[in-house]
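**Student:** The listed protein sequences derive, respectively, from chains U and E. Last residue of the first sequence: 302 in the numbering used here, with the numbers rising by one and none dropped. Last residue of the second sequence: 211 in the numbering used here, with the numbers rising by one and none dropped.
Mixed in with the good hints there might be a few duds.
Result set (DSS-like, lysine-lysine): computed pairs, CA atoms no more than 30 Å apart in a straight line [as the list claims (entries may be wrong)]: (1) U/45 with E/198; (2) E/150 with E/198; (3) E/76 with U/142; (4) E/150 with U/45; (5) E/29 with U/45.
In case anyone wonders, no lab produced these hints; they're calculated from the structure.
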Amino acid sequence: MLAAVRILVAAVVLYDLLSLVQLDLVPALFGPLEDGGLGNPLGRKRVPLLYRWFAADAGTAFAATWVAITAAGMLLIGAGTRLAALVLVLTWAQLAQVLPPADRGIDMLLRNVLVVLALSGCGKAWSLDARLRAGQWGGDGKTVPAWPRLLLVCQMFLVYGTAGLQKVGLTWTPVGDWSALYIVLRDPTFAVLSVDTLNRFYWATQLATALTWIWEWATPLAVLAWWYRATRTRGGRVRAWMNSSGFLWKWVVVGAAFHVGTGLVMRLGVFPVAMLALYPCFFHPDAWARAWPRRRKPPATG
Amino acid sequence: MRALLLAVVLFFWTVEALPLPMLNRRHMKREMAQEEVARWVDILGMLGIQTTSEAAVDRTIEISKRSLATRRALIKPFRKVERVFGIGQAWGLFTYADPYPGRLVIEGTAGGNAWAPLYRDPTTDGSRLARTVRNRRVRGIWDDAGDRPKPGKLYGRFVTWIANRTFEDHPELEEIRVRLDRVTVRTPNQAPHMGPDKPRHVRERRRGGRK
Numbered sequence: 001m002l003a004a005v006r007i008l009v010a011a012v013v014l015y016d017l018l019s020l021v022q023l024d025l026v027p028a029l030f031g032p033l034e035d036g037g038l039g040n041p042l043g044r045k046r047v048p049l050l051y052r053w054f055a056a057d058a059g060t061a062f063a064a065t066w067v068a069i070t071a072a073g074m075l076l077i078g079a080g081t082r083l084a085a086l087v088l089v090l091t092w093a094q095l096a097q098v099l100p101p102a103d104r105g106i107d108m109l110l111r112n113v114l115v116v117l118a119l120s121g122c123g124k125a126w127s128l129d130a131r132l133r134a135g136q137w138g139g140d141g142k143t144v145p146a147w148p149r150l151l152l153v154c155q156m157f158l159v160y161g162t163a164g165l166q167k168v169g170l171t172w173t174p175v176g177d178w179s180a181l182y183i184v185l186r187d188p189t190f191a192v193l194s195v196d197t198l199n200r201f202y203w204a205t206q207l208a209t210a211l212t213w214i215w216e217w218a219t220p221l222a223v224l225a226w227w228y229r230a231t232r233t234r235g236g237r238v239r240a241w242m243n244s245s246g247f248l249w250k251w252v253v254v255g256a257a258f259h260v261g262t263g264l265v266m267r268l269g270v271f272p273v274a275m276l277a278l279y280p281c282f283f284h285p286d287a288w289a290r291a292w293p294r295r296r297k298p299p300a301t302g
Numbered sequence: 001m002r003a004l005l006l007a008v009v010l011f012f013w014t015v016e017a018l019p020l021p022m023l024n025r026r027h028m029k030r031e032m033a034q035e036e037v038a039r040w041v042d043i044l045g046m047l048g049i050q051t052t053s054e055a056a057v058d059r060t061i062e063i064s065k066r067s068l069a070t071r072r073a074l075i076k077p078f079r080k081v082e083r084v085f086g087i088g089q090a091w092g093l094f095t096y097a098d099p100y101p102g103r104l105v106i107e108g109t110a111g112g113n114a115w116a117p118l119y120r121d122p123t124t125d126g127s128r129l130a131r132t133v134r135n136r137r138v139r140g141i142w143d144d145a146g147d148r149p150k151p152g153k154l155y156g157r158f159v160t161w162i163a164n165r166t167f168e169d170h171p172e173l174e175e176i177r178v179r180l181d182r183v184t185v186r187t188p189n190q191a192p193h194m195g196p197d198k199p200r201h202v203r204e205r206r207r208g209g210r211k
């Protein structure tokens with residue numbers, strides 16, 4: 001599952017960085033003010049190391065961007081996986097400091113994930129590293145420590161749990177007519193649907209607002225369900241009910257549907273896809289093994 | 001040892017992710033915030049807690065300052081590591097739905113007062129200009145820098161930059177005008193808003209120099 005997260009996250013980052021190059025946005029977003037940049041990193045109290053160690057010009061911005069792109073590509077194919085993840089996160093962190101408003105929450109979240117991936121065994125399967133070491137893309141079949149995946153699950157719970165707690169605006173509640181999503185969908189910055197469509201389906205936006213709010217507030221229950229799933233052999237009626245009802249999987253499916261939905265009806269950039277890229281961490285490797293039985297090479301015979 | 005390290009990381013993550021209010025006077029002066037405060041004063045009144053908007057704002061800012069100072073002190077040891085890796089837990093997913101969002105409008109003229117629309121959020125013609133301003137990172141710049149009563153230097157820089165890019169693509173244009181109109185969103189259950197968007201943060205740039 002960590003390998004799946006690695007491949008998907010690297011693909012998202014690679015696409016995102018290449019789109020900046022394609023639109024010729026690198027000097028503006030990552031260059032210093034003195035050389036066509038919109039940010040003023042040299043005027044800040046803490047000048048980013050990138051511009052302390054190297055020339056403060058657009059050339060450095062380009063070089064750093066291409067280092068990040070190369071690292072993302074290597075992470076995607078699993079070549080020097082740990083080093084690639086480390087180089088990517090360190091370079092990206094420097095670029096992020098050049099113009100903070102251009103660095104969004106999802107960028108920070110993906111960097112959190114990259115740090116965990118750099119410390120994990122995510123390159124031991126579905127990677128060039130695995131192919132070179134074990135002779136198979138799928139690796140040698142040995143298990144890797146589970147803590148990175150569990151840490152990613154904790155990160156996801158934190159994202160959704162705090163997102164719910166932060167939604168104190170009254171439009172997320174019945175007092176505000178459950179109108180939050182309608183208002184957000186009308187925001188020209190994010191809008192995709194016409195006003196007529198939104199007015200006709202106002203009830204649907206209210207329902208979606210309520211569902212989103214309840215789903216995010218249900219995160220502590222998902223944490224509990226996760227714990228009950230890990231301790232399923234113990235007794236207790238609540239534990240038994242949560243495990244038999246599949247509460248956790250329903251919560252995960254609703255979350256995935258939420259991102260697919262927002263990806264379709266809002267302009268959010270890579271956010272929905274990047275969040276979905278992290279969803280494999282919810283699945284135990286055994287679940288994958290059950291879904292896709294491994295085809296092993298027959299042992300060589302003399 | 002590993003378990004201890006993971007516990008420490010989770011502690012810092014959780015403290016940093018705690019949804020504490022990060023509000024100041026400038027935030028509370030926004031129309032959306034004032035409407036929200038007025039509603040909260042009503043709700044508290046119904047619960048038997050009598051207060052005024054001014055007192056509620058003062059109290060909120062005071063709590064905000066104290067809680068943030070406490071968090072800053074708690075996560076200080078972790079901040080250096082966070083800075084190196086660009087990591088953290090500070091984000092909000094549509095905490096407040098803003099009923100007064102901004103609409104980016106870019107216009108150009110070959111001279112005189114005949115301004116032609118080049119881009120108007122959210123419509124797109126697939127042009128380089130549209131793809132540029134809709135890029136999530138670029139959007140972060142004009143949306144953050146412009147979503148305030150008085151946009152700062154960054155907004156001015158953005159206008160100059162986007163104007164220069166547009167001049168490259170449109171050699172016939174002599175002037176570019178950028179603005180972030182204030183839109184009023186009313187739900188179907190509310191009285192409809194009458195009138196056009198309110199022009200805001202209007203900036204013009206002339207080819208070959210600032211205006």
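**Student:** Holds or violated: residue 76 of chain E with residue 142 of chain U, Cα cutoff 30 Å?
**Tutor:** 39 Å, violated
**Student:** Going straight from one Cα to the other, do residue 150 of chain E and residue 198 of chain E come out at no more than 30 Å?
**Tutor:** With a Cα-Cα distance of about 15 Å, the restraint between residue 150 of chain E and residue 198 of chain E holds, given a limit of 30 Å.
**Student:** Given the hinted pair residue 45 of chain U and residue 198 of chain E, is their Cα-Cα distance within 30 Å?
**Tutor:** Distance ~37 Å between residue 45 of chain U and residue 198 of chain E Cα, so the pair is violated.
**Student:** Is the straight-line distance between the alpha-carbon of residue 150 of chain E and that of residue 45 of chain U 30 Å or less?
**Tutor:** Cα-Cα ~24 Å, so holds.
**Student:** Does residue 45 of chain U lie within 30 Å of residue 29 of chain E when you go C-alpha to C-alpha?
**Tutor:** 29 Å, holds
Consistency with the previously given hints fails for numbers 1 and 3, ordered from lowest to highest.
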